[in-house]
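> Sequence:
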Amino acid sequence: MNCLGVDPGVAIVGYGLVSETDDGLRSTIYGSIKTGSKLTIGERLDRIYNTMLERINDLKPDFLAVERLFFGRNVTSAGNVYQARGVILLAAQHFGVSVVELWPTQIKLSICEKGHATKKEIQERVKNMLSLEKIPRPDDTADALACAITGITIIHEGVNYGMD
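Numbering (the working numbering), first residue to last: 13 to 176.
It is worth saying that the hints were derived from the structure and are not from the lab. Everything numeric in this text was worked out from a predicted model, so none of it was measured. Please note that the accuracy of each hint is not assured.
Unchecked claim - Quick list of simulated restraints, FRET-style, between CB atoms:
(1) Gly108 - Lys139: 31 to 37 angstroms
(2) Ile53 - Glu136: 32 to 38 angstroms
(3) Asn92 - Thr33: 35 to 41 angstroms
(4) Lys131 - Asp58: 26 to 32 angstroms
(5) Asp35 - Asp74: 14 to 20 angstroms
(6) Gly91 - Gly36: 37 to 43 angstroms
(7) Ser49 - Glu125: 35 to 41 angstroms
(8) Asn62 - Glu125: 17 to 23 angstroms
(9) Leu51 - Gly127: 32 to 38 angstroms
(10) Gly54 - Asp34: 42 to 48 angstroms
(11) Asn140 - Leu81: 26 to 32 angstroms
(12) Lys132 - Asp74: 17 to 23 angstroms
For every residue, glycine included, the Cβ atom is placed at its ideal position computed from N, Cα and C.
Produce the entire structure from the sequences given, and follow the hints as far as they go.
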């Protein structure tokens, strides 16, 4: 089973493919899509959409795991990030790839077994779970891998951490 995890954003979109093998979870393909701040929102969304189309076509995931958005106070950037998330979902739809949408708390519970895990705790755990030499950078990439791991857990093991 192969899951492409995606951490949506406008400036940076993290992505990472996690494969379930006989030896456990593995990832060799991960990275980020960066858009320049001098681009218009339309140009940024176009870059995200087209790059996601390329990644999905090249990697052929069984499904995508995409983080749902939660904005406590920074509502200003929420609109653009929602639009970026929309083009990511559209790219998945283009190829008929199903999507699992995850709340941040689900990811934290899945990866660290506590709903208030820090970013550093999640990054260290992702590195160890995937037997990586170092924590993937930028942070959005490690977050995307955490999404993929959680997506596989939910689909394969039927664990949803009570967050339907």
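> Against the structure shown, which of the earlier numbered hints fail to hold, in ascending order?
Checked against the structure, the hints that fail are numbers 8, 12, while the rest are satisfied.
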